[in-house]
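Input sequences plus hints: build the corresponding full structure.
Chains as they are written, first to last, in this note's numbering: chain W, 84 to 751; chain D, 84 to 751.
Calculated from the structure, these hints are not laboratory results. You may find that some hints are simply not true.
All copies of an identical chain are treated as equivalent in the list; a pair is satisfied when it fits inside any one copy or across any two copies.
[What the hints assert, rightly or not] Calculated cross-link-like contacts (lysine-lysine; reagent style DSBU-like; alpha-carbon spacing at most 30 Å):
| hint | residue 1 | residue 2 |
| --- | --- | --- |
| 1 | Lys105 | Lys730 |
| 2 | Lys629 | Lys223 |
| 3 | Lys287 | Lys328 |
| 4 | Lys105 | Lys731 |
| 5 | Lys595 | Lys731 |
| 6 | Lys730 | Lys172 |
| 7 | Lys320 | Lys223 |
| 8 | Lys341 | Lys452 |
| 9 | Lys705 | Lys688 |
| 10 | Lys595 | Lys730 |
There are 2 protein chains.
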Amino acid sequence: MGNIDNTCVNAIRVLAADAVEKAKSGHPGLPLGSAAMAYELWANHLNHNGQNPRWPNRDRFILSGGHGSTLLYSLLHFFGYGLTLEDMKNFRQTDSLTPEHPEYGHTVGVEATTGPLGAGMGMAVGMAIAEAHLAAVFNKPGKQIVDHYTFALGGDGCMMEGISSEAFSLAGTLGLSKLIVLYDSNQISIEGSTDIAFRENVQKRMEAFGFQTLTVEDGNDLAAIGKAIEEAKADKKRPSFITVKTQIGYGCPAKQGKASAHGEPLGEDNVKALKENLSWPEPDKTFNLPQEVYDHFAELSKKGAAAEAEWNKLMEAYAKEYPAEKQLWDEYHAAPKADSIKANADYWASEDKPQATRNLSGECINKLKNLVPQLIGGSADLAPSNKTYMKDAGDFSAENYAGRNLHFGVRELAMAAMANGITLHGGLRTYVGTFFVFSDYIKPMVRLAALMKIPVTYVLTHDSIGVGEDGPTHEPIEQLAMLRAQPNLHVFRPADATETKAAWFAAITSAKTPTALVLTRQNLPQLPGSDRDKALRGAYVVSEAKNPATMDGILIGTGSEVQLCLAAQETLAKENIDLRVVSMPCMDVFAEQDEAYREEILPGKVRARVAVEAAGDFGWGKYVGLDGATVTMSGFGASGPAGQLFKKFGFTAEHVAEVARQTVAKGR
Amino acid sequence: MGNIDNTCVNAIRVLAADAVEKAKSGHPGLPLGSAAMAYELWANHLNHNGQNPRWPNRDRFILSGGHGSTLLYSLLHFFGYGLTLEDMKNFRQTDSLTPEHPEYGHTVGVEATTGPLGAGMGMAVGMAIAEAHLAAVFNKPGKQIVDHYTFALGGDGCMMEGISSEAFSLAGTLGLSKLIVLYDSNQISIEGSTDIAFRENVQKRMEAFGFQTLTVEDGNDLAAIGKAIEEAKADKKRPSFITVKTQIGYGCPAKQGKASAHGEPLGEDNVKALKENLSWPEPDKTFNLPQEVYDHFAELSKKGAAAEAEWNKLMEAYAKEYPAEKQLWDEYHAAPKADSIKANADYWASEDKPQATRNLSGECINKLKNLVPQLIGGSADLAPSNKTYMKDAGDFSAENYAGRNLHFGVRELAMAAMANGITLHGGLRTYVGTFFVFSDYIKPMVRLAALMKIPVTYVLTHDSIGVGEDGPTHEPIEQLAMLRAQPNLHVFRPADATETKAAWFAAITSAKTPTALVLTRQNLPQLPGSDRDKALRGAYVVSEAKNPATMDGILIGTGSEVQLCLAAQETLAKENIDLRVVSMPCMDVFAEQDEAYREEILPGKVRARVAVEAAGDFGWGKYVGLDGATVTMSGFGASGPAGQLFKKFGFTAEHVAEVARQTVAKGR
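This is the structure we're talking about:
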């Protein structure tokens with residue numbers, strides 16, 4: 084079995100292989116190949132404490148190649164994070180703590196949900212941004228209360244995905260020296276050798292991005308791995324990228340170095356052969372882990388507890404010397420104060436002039452800047468259009484980590500991943516912005532935020548054909564449906580200032596649900612009937628029918644189209660067609676209301692319903708039913724002045740009135 | 084005005100600036116900065132013929148920075164593509180031929196719709212793949228009937244987007260030496276200097292990808308630009324990347340080199356100052372273009388016509404010497420033969436064993452391989468799972484461009500962009516595959532395909548919680564809604580072999596609509612009532628009620644859930660609840676059917692309707708209305724054996740029957 088360190092490395096291999104074998108499915112290739120680098124990192128370089136996995140100053144570790152979860156689970160098991168051998172035996176079983184891909188919030192010690200390749204790299208960069216920012220805000224001479232590394236481990240797939248190029252290019256630009264990437268380079272992909280699709284010089288690409296690059300020629304050489312990690316830590320200017328040359332499925336004679344090691348169990352015989360090859364005791368037994376292994380891991384784990392104890396002392400001294408900063412620290416690490424924002428007269432100051440909701444959102448951001456000091460955010464190179472800039476709050480750059488305005492460059496997907504990482508890190512709230520049509524690009528990371536239950540806010544402006552001349556490539560049609568269909572995401576499309584402020588309030592006080600704010604480029608009038616508290620219920624009566632008990636129908640609008648509903652209501656009133664107008668700024672929140680409220684707003688017996696929205700009709704059937712109608716877009720937009728486009732596509736009070744007239748008539 | 088070449092360069096600048104100024108909005112920065120490189124390319128290196136913009140062997144030119152459209156429109160205007168001065172004056176106006184972003188199929192000479200940055204780079208790589216493949220298939224010694232370059236021009240934004248890294252990494256791997264990228268390097272982004280977010284060494288990154296890299300220090304030096312392009316052409320092993328150092332808004336004293344030159348008109352005074360600065364005659368006049376400019380462009384344009392004439396002769400000789408190949412060439416360039424595929428007994432051979440629809444799709448692909456010789460395709464490193472591999476059809480690689488199996492690596496977004504490029508090139512049909520949950524990643528390029536009306540096919544397997552142990556990161560929930568909401572996309576989710584074959588038939592014979600095939604990982608039974616021709620109408624009665632005239636309700640299912648509907652129908656029949664079962668493999672195609680057919684399948688008077696689908700309920704309201712119900716997913720999936728998950732989430736015949744029972748009871 085060799086020395087105890089190698090025994091522990093092999094214990095990880097054996098445990099991972101046994102877990103996959105018992106589950107009869109899984110990915111043994113990565114754990115076997117990268118067990119040594121993971122062990123060396125966790126044993127000797129990662130500052131962590133299994134007894135308190137939420138310790139704020141812990142080093143972060145993200146397994147970007149999430150399919151190698153048994154590697155991470157093995158580490159969590161051995162390092163005392165509470166994952167039991169029983170949990171390991173339940174790998175991939177329903178409701179177990181060991182699902183195939185590591186899930187944040189589900190398994191203690193998992194820092195981020197991974198699986199979609201490359202995402203972990205983007206989230207790691209976000210964590211490094213958070214660390215740098217908090218350090219710049221809080222650290223004092225001799226009192227570095229924020230001082231930790233972020234490690235990410237991933238393979239060829241993570242490096243092929245564009246998201247990692249986007250994220251690493253920014254990490255290099257920002258000089259995030261506490262980001263250290265371990266590249267499990269095994270040159271095998273699912274379809275075969277990486278030669279078929281990936282012959283690039285990865286190391287050189289990373290240098291181009293501004294990383295220090297290091298190479299470990301033998302992925303089982305613990306000393307070499309340790310040396311590289313220390314060299315990475317020593318670079319105070321650049322993030323580091325360590326290529327660790329490994330063999331997928333290492334140790335299993337029939338499988339190592341082959342694509343077949345990646346995503347299927349080794350097979351009973353091969354597991355036995357692996358154990359024999361590693362000189363493991365009693366290779367016929369499964370989950371056979373010697374006590375000396377546990378003893379050694381327990382010994383190693385003491386360092387983390389000691390490190391945290393020391394940090395706690397440091398924090399105590401900090402609190403004494405800098406009580407105001409400590410108070411701010413606590414504020415950063417608590418939820419934004421909903422009551423105090425709700426009571427803030429300035430935030431809710433009324434507006435009377437027509438305004439674009441993107442401008443109103445910009446005003447919200449600039450008020451929340453003070454109310455929520457832990458707020459940082461930015462845009463994918465569209466800040467002037469998205470109105471996402473926090474005035475006088477500085478620009479986050481290699482020269483100024485205290486800046487609260489992030490410049491992501493034209494990199495929407497990585498931006499959204501970084502937002503996840505910033506939020507997962509703790510201590511900060513964040514928003515990110517782009518054109519609404521480009522929500523297509525961020526979708527995969529919005530999904531991850533929703534799945535992880537973290538409250539990122541997306542500022543999505545230019546929300547319809549109101550974009551005008553920029554034309555169909557820039558005019559969202561199906562994006563509202565796309566985001567509304569997303570589980571655990573609130574999509575707000577506010578109609579005026581009151582609703583925009585309510586939407587931002589909902590976003591900033593959300594605990595477990597990310598929020599998309601869908602905002603106009605063009606000015607909208609302030610609606611007399613709009614109401615904050617009602618808007619926070621997702622939908623409400625913004626203008627009542629003359630006689631609600633006998634109303635003829637209901638017009639439902641969102642955002643820029645609510646005004647058309649109001650005008651049509653007025654027109655039809657003159658014809659004795661009595662309509663209610665419902666503003667529905669958030670379909671998702673409305674769906675969460677109790678049955679009674681939903682029935683109050685949209686009574687089941689009223690069947691003549693018309694939904695009006697400058698987007699596709701997909702999803703409106705739920706509210707207009709089989710007897711209603713929609714005034715919506717039936718295809719793509721066009722390039723032309725916005726006013727002309729609204730007319731061209733039927734978004735006029737006259738057309739809404741006509742559709743409502745017909746719908747009411749049909750039901751009579 | 085200087086020599087005639089410089090005058091022509093300035094004519095492009097003046098025309099672009101005037102067009103933007105007249106529109107009172109647009110992007111003058113790129114056209115002014117890159118007019119010289121574009122002129123030099125189009126005048127002296129691009130093999131093209133304005134009189135026949137569809138000439139198959141033309142060099143392709145893609146303006147990846149689509150916001151600089153006035154550059155492209157000016158070139159099309161001057162080089163005789165039929166775009167008039169009047170069209171230029173109608174820039175960004177409703178229904179004009181000069182929308183803000185160039186639109187394929189709308190304006191003659193536009194090779195690809197661009198605007199979303201980086202997309203053009205991915206599409207260019209696709210075009211280069213198509214060229215390489217067609218050349219390998221058709222060229223004969225001395226008869227190089229396929230022999231053209233693909234040029235792409237883009238700026239910093241295109242280089243920041245991850246899609247370009249994905250695409251260029253593959254282009255380098257494949258050694259696509261006929262791909263030449265012109266990088267308009269002006270170091271300005273919308274939020275300011277690229278320093279804020281983009282300090283990387285772009286040139287070095289491109290070298291790492293395997294490109295020849297060249298630099299033109301002065302973006303107005305026509306000779307240097309020309310020399311670099313010729314050096315690029317001369318490299319027969321590597322694609323080339325030419326960094327051309329430019330100034331955004333060049334020539335306009337108050338704007339050049341500034342972010343403000345990017346996306347707003349220069350202003351009348353600045354346009355005048357530009358013209359004065361360029362020594363343009365009568366700077367007060369707008370659209371003032373000297374005849375000598377037109378004369379010179381006309382002279383330059385003769386080369387293209389001559390080149391095409393020569394190619395036509397070559398083609399004639401080729402046809403004589405290789406009549407079989409010429410016939411195949413014509414077949415490649417025609418639509419797949421719908422009638423002959425429809426009549427092919429082997430393709431439609433019946434199936435009786437349970438099968439996963441992904442496997443059935445794999446069989447379709449392997450039959451279409453022969454029926455549609457121009458078919459090439461592949462997966463983002465998931466071919467064994469997606470069943471996308473064409474047996475005995477070779478692997479496309481630097482060493483074998485004749486291979487029909489593409490290996491995209493783990494790069495979903497660029498893969499979908501390349502599929503667009505391959506299709507736009509002409510002569511080929513293509514499909515691309517990934518896990519259905521990762522349709523999130525390809526969404527932006529699916530949208531572009533739909534907007535361009537090109538028939539790409541997406542093979543999306545592992546379509547529900549049927550994924551099982553891989554868990555919620557890999558289990559699609561909202562993806563069906565996302566894709567169904569997409570204008571001009573057909574989303575098929577077939578229930579068995581007959582429907583899968585019908586879906587593939589629809590996809591391969593589609594002329595203007597891309598198709599998503601959503602397929603199971605798990606086996607499904609063959610349904611007795613499934614029907615090809617009915618399936619091609621999107622929805623149909625797969626099992627009729629005992630007494631259709633008085634039926635109690637309708638069960639609507641798709642894919643793997645149709646079998647549950649059939650079982651529930653049988654259960655409830657015993658209770659004298661008489662239900663029809665509708666299989667709806669394609670909601671989009673069904674929506675395109677005439678009113679009478681839709682009423683026949685889903686009679687308006689039958690209100691007790693239950694939709695069953697292992698996905699979110701978003702979008703089903705249109706068919707179940709206010710009185711119906713759904714058996715759908717209310718949130719994310721979980722990691723566990725698929726069979727257990729279907730039970731856990733209510734996808735059992737018993738539960739479907741129970742929901743139907745209640746729905747019918749409610750309506751009575």
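Against the structure, the hints come out as follows:
In this homomeric assembly, Lys105 and Lys730 come within 30 Å of each other (Cα to Cα) only across copies, at 22 Å, whereas the closest approach inside a single copy is 63 Å. With identical chains, the CA atoms of Lys629 and Lys223 are never at most 30 Å apart, being 64 Å at best within one copy and 80 Å at best between copies. Within a single copy, Lys287 and Lys328 get their C-alpha atoms as close as 16 Å, and across copies as close as 23 Å, so both meet the 30 Å cut-off. In this assembly of identical chains, Lys105 and Lys731 lie within 30 Å of each other by CA distance solely across copies; the values are 22 Å between and 62 Å within a copy.
In this assembly of identical chains, Lys595 and Lys731 lie within 30 Å of each other by CA distance solely across copies; the values are 24 Å between and 41 Å within a copy. Proximity of Lys730 to Lys172 under the C-alpha cut-off of 30 Å is restricted to the inter-copy arrangement: shortest distance 22 Å between copies versus 63 Å within a copy. Taking the closest pair of Cα atoms, Lys320 and Lys223 come within 30 Å of each other only inside a single copy of the chain (20 Å); across copies the shortest separation is 56 Å, beyond that limit. Taking identical chains as interchangeable, the C-alpha atoms of Lys341 and Lys452 lie at most 30 Å apart only when they sit on different chains, with a minimum of 29 Å there against 53 Å within one chain.
In this homomeric assembly, Lys705 and Lys688 come within 30 Å of each other (Cα to Cα) both inside a single copy, at 14 Å, and across copies, at 18 Å. In this assembly of identical chains, Lys595 and Lys730 lie within 30 Å of each other by CA distance solely across copies; the values are 27 Å between and 40 Å within a copy.
Hint violations for this structure: number 2 only, all remaining hints satisfied.
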